[in-house]
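Colleague: Sequence:
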Amino acid sequence: MDFLTPVGDPMPVSDVEMVQHRQQSLAGTLRRATRRSVRRVLRLFRRGPLRRRLSRIPFSPVAGRLFDGYEVVTWRGIRIALNPGEAHGHHVYFLDDYGSTEIDACIAHSRAGDVVVDVGANLGFVALTVARACPDVQVVALEPDPAVATWLHHNLTLNDDLANRVRIVEAAATSHDGSVPFQPSAHDGNMGVGRIRTDTTYDESVFDVPALSLGSFAAREGLTLDIVKIDVEGTELDVLAGLFKDGCRPRILLVETHGGKARQPLHTFNRQIVDSLDGEGYRLLRLQSGNWTSLDTPAQIGARGHLLAIRELARSARTSV
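Counting from 703, one number per residue, gives the positions in the sequence shown under the working numbering.
No lab work stands behind these hints: they were computed from the structure. Be aware that a few hints might be false.
[To be verified] So the derived label-pair ranges between C-beta atoms look like this:
1) Glu923 with Leu860: 23 to 29 angstroms
2) Arg813 with Ser881: 42 to 48 angstroms
3) Arg813 with Arg781: 47 to 53 angstroms
4) Pro763 with Ala849: 15 to 21 angstroms
5) Arg899 with Thr995: 44 to 50 angstroms
6) Gln990 with Phe909: 34 to 40 angstroms
Using N, Cα and C, we set each Cβ at its ideal position, and we do this for glycine too.
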């Protein structure tokens, strides 16, 4: 299969179009005026700890109701449509920040010819910015939520010069190929927290989505996965299990952990993630105050944390013997 052959038909952009009419409304005028004011304040601080803290101001449901709508902005070299009344869109639109440290790590570690996989791609904040910054890499963006994938397809059309290097796959990454039950976000103002359901409790909002093992996917497509970013709201272990199948061991892994959502105790969940990565020959760093620092114990990850895993060739060779 060619690298750019889509899996499934692209979702229509009707969900996006539903909010576009609000752009010229009074609320839209308020959004843009507020954005200009916030940006002026941020420019006063330039870079540094205070600016970083300001860019992490928690999203408020009040802000969600006040700023709900559709906007297209230029951010990190891409044009991206977003909803300023939604958590991820709010941070990019007003605070000019979303996952910047992780994006910078992807860019810094990329090499010509790499395949970068964005698992849990959301609106394309990581996938599209990495593709823009690294013209010699290919990007695979996995997004299982059809509603979110609608926005992702829309944003790729806004950056159509990237279309030959960005492939959208509407599927969940897990330990096996097939399908999995998926629960879309039930939180107003944050459409990026949909997740695979790991229990059997009935919920009428749950529906099946296509699923794939990244290791099997790479073998089937004839790809070497070089950098993989994982943000899957609590099923990180399943993604890793599927990734390491068939000898697939990316050079770089960026894992956002959501241990607090796992069924087992937090310390057990984090320990399993660390053991899995360590056993495959990775050196681990955690994100702390905007910097990557050595991970000394799984307890440092907390309920939600960010890990940078760097494969060490000597250790990898020993673990594969």
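Colleague: Between glutamine 990 and phenylalanine 909, does the C-beta distance stay in 34 to 40 angstroms?
Modeller: holds, 38 angstroms
Colleague: For the range 44 to 50 angstroms, tell me whether the beta carbons of arginine 899 and threonine 995 fit it or not.
Modeller: Taking Cβ atoms as reference, arginine 899 and threonine 995 lie about 34 angstroms apart, which means the hint is violated.
Colleague: Assuming the hint says 23 to 29 angstroms, is it satisfied by the Cβ distance from glutamate 923 to leucine 860 or not?
Modeller: holds, 26 angstroms
Colleague: Is 15 to 21 angstroms respected by the C-beta to C-beta distance linking proline 763 and alanine 849?
Modeller: holds, 19 angstroms
Colleague: Measuring from beta carbon to beta carbon, are arginine 813 and serine 881 in 42 to 48 angstroms?
Modeller: violated, 34 angstroms
Colleague: Does the Cβ-Cβ separation between arginine 813 and arginine 781 fall within 47 to 53 angstroms?
Modeller: Violated: the Cβ-Cβ distance is about 26 angstroms, outside 47 to 53 angstroms.
Figure legend: structure checked against the earlier numbered hints; hints not met, in rising order: 2, 3, 5.
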